[in-house]
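Read top to bottom, the protein sequences are chains A and B.
Numbering (my numbering) for the first sequence: 367 to 783.
Numbering (my numbering) for the second sequence: 367 to 783.
Be aware that a few hints might be false.
If several chains are the same, the list does not tell them apart, and a pair holds so long as it fits within one copy or across any two.
[To be verified] Computed cross-link-like contacts, SDA-like style, restricted to lysine to any residue with a CA-CA straight-line distance of at most 20 Å:
hint, residue 1, residue 2
1, K752, L682
2, K617, R679
3, K442, A684
4, K561, L682
5, K582, E592
6, K727, N651
7, K442, A683
8, K561, D763
9, K454, D369
10, K617, A762
11, K454, F469
12, K727, G656
13, K442, R733
14, K730, D658
15, K442, A598
16, K582, D478
17, K454, L422
18, K752, E463
19, K397, T626
20, K727, R738
21, K397, E549
22, K397, E459
23, K397, E766
24, K397, E568
25, K454, R738
26, K397, G464
27, K727, Q759
The set of hints was computed from the structure by calculation and includes no laboratory data.
Below are the chains, spelled out letter by letter.
There are 2 protein chains.
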Amino acid sequence: MIDRARRVFELYGFASLDTRAVEPLETLLAKGETSKEVYLLRRLQADEADSSDSRLGLHFDLTIPFARYVAENAGKLQFPFRRYQIQKCWRGERPQEGRYREFLQADIDIVDRDTLSPHFDAEFPLIIADVLGGLPLPRIRVQVNNRKVLKGFYQGLGILEPDATIRTVDKIDKIGPDGVTAELAGYGVTESQAKLALALAEISSSDTSFVDDVRKLGVTDPLLDEGLEELAFVIETAAEHAPGLCFAELKIARGLDYYTGTVYETKLVGFERAGSICGGGRYDNLAVSGNDRFPGVGISLGISRTLGLLFGRDALAASRSVPTCVLVALPAEQDRRAANRIANSLRSRGIATEVSPSAAKFGKQIRYAERRGIPFVWFPQTSEVKDIRSGDQVQADPAEWAPPPEDLHPTISGSFD
Amino acid sequence: MIDRARRVFELYGFASLDTRAVEPLETLLAKGETSKEVYLLRRLQADEADSSDSRLGLHFDLTIPFARYVAENAGKLQFPFRRYQIQKCWRGERPQEGRYREFLQADIDIVDRDTLSPHFDAEFPLIIADVLGGLPLPRIRVQVNNRKVLKGFYQGLGILEPDATIRTVDKIDKIGPDGVTAELAGYGVTESQAKLALALAEISSSDTSFVDDVRKLGVTDPLLDEGLEELAFVIETAAEHAPGLCFAELKIARGLDYYTGTVYETKLVGFERAGSICGGGRYDNLAVSGNDRFPGVGISLGISRTLGLLFGRDALAASRSVPTCVLVALPAEQDRRAANRIANSLRSRGIATEVSPSAAKFGKQIRYAERRGIPFVWFPQTSEVKDIRSGDQVQADPAEWAPPPEDLHPTISGSFD
């Protein structure tokens, strides 16, 4: 999954970036509501008086470190700047299925100076589909929305606290429509306003018909127009390149506060209740350096979440537990050098090879291979190679023999639905 | 460097392993003298009374987490077990050239149950030479010793504190022979004993002639014999497979306390003063679970150290700053979909491609490519591709055209000596 992500990200021109695990606490807490989840560091033998390290924490996502990196290195970067970053993140939250205190994320982002063209927002669902489509995973469904649609609609409705309303409506799957209406009433949203806000949240389509559905609710606002245009472009582009992939889902908002426009969530079909495996969006105000602003858009693929979910449900299986394709058997310990030469010959042609750890009886050496799923055993004294699954044994030259391509590397297979 | 390490490690049958960044403090401090360098974690909002997280620290190497993993999972593993692990480590020490508070290591280790055959010790220098020999790096020199030689020799000499003596003699490059003699005298080592200990430290050879040199010093001890035999085997194997790679250097000891036999250090030729870029050794007592012991041997390649050293001295250069090989130019914004189709066609054949971020004048679009080192620009309206370095421009079909192989991916070149 990591290799596939890297390969596809690079095919789309994203450069690799790696940032330190640690950021100043004020950077981590500048945006968002995750302060409770941050791990702080201190040196075991730190002087009580030495507080220089005392405000460092482990990053809890890769977007904030990236924004810090861009602001710090703006003078050296070429904009628009596209990078990918595959690293661990840490959050001190309660672990559960698909949620861990340490987890691996694969992020891609594009930032530009001053303004970032909206066409970039349409690229990300296609790239993620390209990554995941090449893997033995369930089909995905990318849900897209635009916060300008939500904010513009609520403003147009006359709601005074549109940002709070976004957060409240986002809880609809947890607390239900009545819960939403009650919470909205708490800060002055009327029942008729709440009704329309809930009607908006119900709109969903795989084409641009959602625009008419929103218009029919009769609310107007310039920000709403802008959001609808941007969202329609993302959905239209996706419908052309990958039909059935993307849906406009007007109830989606994302938890993090720094999103300002497009937002993405992604579900594995058949595993919807496990939540989003890949989310992101546009953040126009996250990276700032003096008077310079670096708006960005990006998406983050939860590698630990996806694999944790699927391995946890026994939906994935590996063909073997080691990379080794061939075990060179050892007739006697003094044959080790000759066996090493055979192994090196195979390795030089890309065939992963081990020499038997000891000159035990051949039956024991074959069991060494069997237990690990190594498909071939090489017998140096007769120059024969045996497929231990079928029992087929053939004469072979270590400078020429190759396994069938499907046996060269371990493979992963998935069983879903 | 990471990819090359992975590829070679897998060719030798090492399976990939990743352990959490965090270990209980008692695991981290069970061996070794690095307690001052450990970073402890605590949650920002942790309850004062909640001490459950209070004794967790970031790992400072990959050997200790691996030993913990082996002891914990011994029932599920097949022995001998060989794994590689490429992860960040953290130490709270003062940063300097090649030493960082966060650094990336690539480790390979083999562990077995109860006993681990000495022939494994000879594999590691060859694997590391295979990894580094395939990269644009300076030549390496692997220095090997065996702690049994040192301990046996000191015991045979009648020294009462052989472990302390190992640590003192290890400082010879820092404090000189007189400093060593003075420090040894502090715990009762006589001048004539110190003279022989220093004579041992001077022995060095690229073949097994070191054995005779040690014998000539007239000290005998069963542990010394065992150590000499093991060390001779490592040097002999290396001399056969990679002449000039390995040297027996009897002054080498390694800083960490858990080594019990073979120890390795590796210098980049021309960068010797910067220290070892790759070290390790045998540890017979590190992984223990109840009455079971899991002796191991391994080596750790300092990726951050090596690259920090070479990039810091401008000894490495990349052919371009992005993976992109082709930029598809954009005549007008409405041509974006057609340009995307050309890009997808190239990507589907493994050619990293970007579409121009905007329909600016072609001169500006070409400069976008130039600034990033992207070698080719594709003009959709005439179906031509231009090598912007030479100016050559040819007709091309996106379903068939390919760049010269050397331009497909960015390359790194080194200039040393």
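Results of checking the hints against the structure:
1. In the homo-oligomer, the alpha carbons of K752 and L682 never lie at most 20 Å apart, since the shortest distance is 28 Å inside one protomer and 45 Å across protomers.
2. Proximity of K617 and R679 under a CA criterion of 20 Å is satisfied in neither setting, with 29 Å inside one chain copy and 53 Å between copies.
3. In the homo-oligomer, the alpha carbons of K442 and A684 lie at most 20 Å apart only across protomers (16 Å), although the nearest pairing inside one protomer, at 44 Å, exceeds that limit.
4. In this homomeric assembly, K561 and L682 never come within 20 Å of each other (Cα to Cα): the closest approach is 44 Å inside a single copy and 63 Å across copies.
5. Proximity of K582 and E592 under a CA criterion of 20 Å is satisfied intra-copy only: 17 Å inside one chain copy versus 88 Å between copies.
6. When the C-alpha separation of K727 and N651 is checked against a cutoff of 20 Å, the pair qualifies neither within a copy, at 68 Å, nor between copies, at 29 Å.
7. For a Cα distance limit of 20 Å, the shortest separation of K442 from A683 across copies, 17 Å, qualifies, whereas the shortest one inside one copy, 45 Å, does not.
8. With identical chains, the CA atoms of K561 and D763 are never at most 20 Å apart, being 76 Å at best within one copy and 55 Å at best between copies.
9. Proximity of K454 and D369 under a CA criterion of 20 Å is satisfied in both settings, with 15 Å inside one chain copy and 18 Å between copies.
10. Neither within a single protomer nor between protomers do K617 and A762 lie at most 20 Å apart by alpha-carbon distance, with minima of 63 Å and 46 Å respectively.
11. With identical chains, the CA atoms of K454 and F469 are at most 20 Å apart both within one copy (5 Å) and between copies (14 Å).
12. Taking the closest pair of Cα atoms, K727 and G656 never come within 20 Å of each other, the shortest separation being 72 Å inside a single copy and 30 Å across copies.
13. In the homo-oligomer, the alpha carbons of K442 and R733 lie at most 20 Å apart only across protomers (16 Å), although the nearest pairing inside one protomer, at 57 Å, exceeds that limit.
14. Proximity of K730 to D658 under the C-alpha cut-off of 20 Å is found in neither arrangement, the shortest distances being 68 Å within a copy and 22 Å between copies.
15. Taking the shortest alpha-carbon separations for K442 and A598, neither the intra-copy value of 35 Å nor the inter-copy value of 52 Å comes in at or below 20 Å.
16. In this assembly of identical chains, the alpha carbons of K582 and D478 never lie at most 20 Å apart, being 36 Å within a copy and 71 Å across copies at closest.
17. For the homomeric pair K454 and L422, the shortest alpha-carbon distances inside one copy (16 Å) and between copies (17 Å) are both at most 20 Å.
18. Neither within a single protomer nor between protomers do K752 and E463 lie at most 20 Å apart by alpha-carbon distance, with minima of 42 Å and 51 Å respectively.
19. With identical chains, the CA atoms of K397 and T626 are at most 20 Å apart within one copy only, with a shortest distance of 12 Å there and 50 Å across copies.
20. With identical chains, the CA atoms of K727 and R738 are at most 20 Å apart within one copy only, with a shortest distance of 18 Å there and 59 Å across copies.
21. For the identical chains of this complex, K397 and E549 are neighbours neither inside a copy (24 Å) nor across copies (56 Å), given an alpha-carbon limit of 20 Å.
22. In this homomeric assembly, K397 and E459 come within 20 Å of each other (Cα to Cα) only inside a single copy, at 18 Å, whereas the closest approach across copies is 31 Å.
23. For the homomeric pair K397 and E766, neither the shortest alpha-carbon distance inside one copy (59 Å) nor that between copies (48 Å) is at most 20 Å.
24. In the homo-oligomer, the alpha carbons of K397 and E568 never lie at most 20 Å apart, since the shortest distance is 29 Å inside one protomer and 59 Å across protomers.
25. Taking the shortest Cα distances, K454 and R738 never come within 20 Å of each other, neither inside one copy (29 Å) nor across copies (28 Å).
26. Taking the shortest Cα distances, K397 and G464 never come within 20 Å of each other, neither inside one copy (24 Å) nor across copies (34 Å).
27. For the identical chains of this complex, K727 and Q759 are intra-copy neighbours only, at 18 Å inside a copy versus 65 Å across copies, given an alpha-carbon limit of 20 Å.
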